[in-house]
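Start from chain L and add chain X according to the hints.
There are 2 protein chains.
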Amino acid sequence: MIKIIGVGKIKDKALVSLINEYLKRLQPYNKIEVIEVNDIMTNANNSLLQNIEVLNKEASNVIGKIKDNEFVILLDLHGKSLTSENLAKKIDEIFTYKTSNITFVIGGSLGVGEQLVKRADFRWKLSDLTFTHQMTRVLILEQIYRSFKILANETYHK
Amino acid sequence: MIKIIGVGKIKDKALVSLINEYLKRLQPYNKIEVIEVNDIMTNANNSLLQNIEVLNKEASNVIGKIKDNEFVILLDLHGKSLTSENLAKKIDEIFTYKTSNITFVIGGSLGVGEQLVKRADFRWKLSDLTFTHQMTRVLILEQIYRSFKILANETYHK
Numbered sequence: 002m003i004k005i006i007g008v009g010k011i012k013d014k015a016l017v018s019l020i021n022e023y024l025k026r027l028q029p030y031n032k033i034e035v036i037e038v039n040d041i042m043t044n045a046n047n048s049l050l051q052n053i054e055v056l057n058k059e060a061s062n063v064i065g066k067i068k069d070n071e072f073v074i075l076l077d078l079h080g081k082s083l084t085s086e087n088l089a090k091k092i093d094e095i096f097t098y099k100t101s102n103i104t105f106v107i108g109g110s111l112g113v114g115e116q117l118v119k120r121a122d123f124r125w126k127l128s129d130l131t132f133t134h135q136m137t138r139v140l141i142l143e144q145i146y147r148s149f150k151i152l153a154n155e156t157y158h159k
Numbered sequence: 002m003i004k005i006i007g008v009g010k011i012k013d014k015a016l017v018s019l020i021n022e023y024l025k026r027l028q029p030y031n032k033i034e035v036i037e038v039n040d041i042m043t044n045a046n047n048s049l050l051q052n053i054e055v056l057n058k059e060a061s062n063v064i065g066k067i068k069d070n071e072f073v074i075l076l077d078l079h080g081k082s083l084t085s086e087n088l089a090k091k092i093d094e095i096f097t098y099k100t101s102n103i104t105f106v107i108g109g110s111l112g113v114g115e116q117l118v119k120r121a122d123f124r125w126k127l128s129d130l131t132f133t134h135q136m137t138r139v140l141i142l143e144q145i146y147r148s149f150k151i152l153a154n155e156t157y158h159k
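Chains as they are written, first to last, in our numbering: chain L, 2 to 159; chain X, 2 to 159.
If we strip away everything but chain L, and leave its shape as in the complex, we get:
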């Protein structure tokens, strides 16, 4: 089972449509679930909260959605970068030797809280570039789909 936990709701129709397309394409390969936790920053009542408090609240909300038997891959600009082939290999190794539950976590616009960094089993840097976290959700779905195609030895038109 693949779980993706993101902070905030994606409203852009084009991004939602891309996400749904990849969720559909992934169905034959594995169970997949997307969980959206509350984006605290966009709640006006919280405008007095310090960034660090927001990060901590978001982190504990996310952690509440993670079970003990899940391998957590945290999207993190300070993490390690992977080629698409190495991501496929990593997913395969986790499924083979560790657990059949992989959870990808994408932080909100402020980044990721310390608690999340501690819970992470692997910290993954998508790129040196900063992408929007909405776009990140599309990108990792595409990379997970690509991984399954690689592992199934299926061609995938780039």
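Treat the hints loosely; a few may be bogus.
Which copy? The list can't say, so a pair holds if one copy fits it or any two copies do.
Cross-link-like lysine-lysine pairs, in silico, PhoX-like; alpha carbons within 25 Å at most [as the list claims (entries may be wrong)]:
id, residue 1, residue 2
1, K81, K14
2, K12, K150
3, K10, K150
4, K90, K14
5, K119, K58
6, K99, K14
7, K81, K68
8, K4, K25
9, K99, K4
Hints were generated in silico from the structure; no laboratory data involved.
Below, chain X without anything else, positioned relative to chain L:
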């Protein structure tokens, strides 16, 4: 003037919508143009062409769209990676010291031909990951937009 040359037509409605959104957002900052050259691979009559021939043909088609005074940034898995801040700095330096014409080139599904590598003034690796070339077009538009926001000292909600 920013020019983006891509191989092949983007048909996915969601991607087209994202591209148009960023083109609109970029308008206040600079002139921007997207040029699509023929994707030779999808033409069935060319199925007997060797990959290397396809690459060469695509490369010369792309080069036909580039003028001498353009600074060419080639998207290339063997290029150098940049942070978003460094991309902004690079764009600023080119505009200040070199030329007001920057052209980003995205190859087709087979990669980039040798001729293009030679013409490139800078080879840019977006990520260690392989993205679809359609998605790449969205990503670089978003990064160019982000660059202009950075250079204008404007906030940009990630």
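Structure-based check of each hint:
1. Within a single copy, K81 and K14 get their C-alpha atoms no closer than 31 Å, and across copies no closer than 33 Å, so neither meets the 25 Å cut-off.
2. When the C-alpha separation of K12 and K150 is checked against a cutoff of 25 Å, the pair qualifies only between copies, where the shortest distance is 22 Å, while the shortest distance within a copy is 29 Å.
3. In this assembly of identical chains, the alpha carbons of K10 and K150 lie at most 25 Å apart only when taken from different copies (24 Å versus 28 Å within one copy).
4. With identical chains, the CA atoms of K90 and K14 are never at most 25 Å apart, being 32 Å at best within one copy and 32 Å at best between copies.
5. Within a single copy, K119 and K58 get their C-alpha atoms as close as 15 Å, which meets the 25 Å cut-off; across copies the closest is 51 Å, which misses it.
6. In the homo-oligomer, the alpha carbons of K99 and K14 never lie at most 25 Å apart, since the shortest distance is 36 Å inside one protomer and 39 Å across protomers.
7. For a Cα distance limit of 25 Å, the shortest separation of K81 from K68 inside one copy, 24 Å, qualifies, whereas the shortest one across copies, 39 Å, does not.
8. For the identical chains of this complex, K4 and K25 are intra-copy neighbours only, at 14 Å inside a copy versus 34 Å across copies, given an alpha-carbon limit of 25 Å.
9. Only within a single protomer do K99 and K4 lie at most 25 Å apart by alpha-carbon distance; the minimum there is 16 Å, versus 47 Å between protomers.
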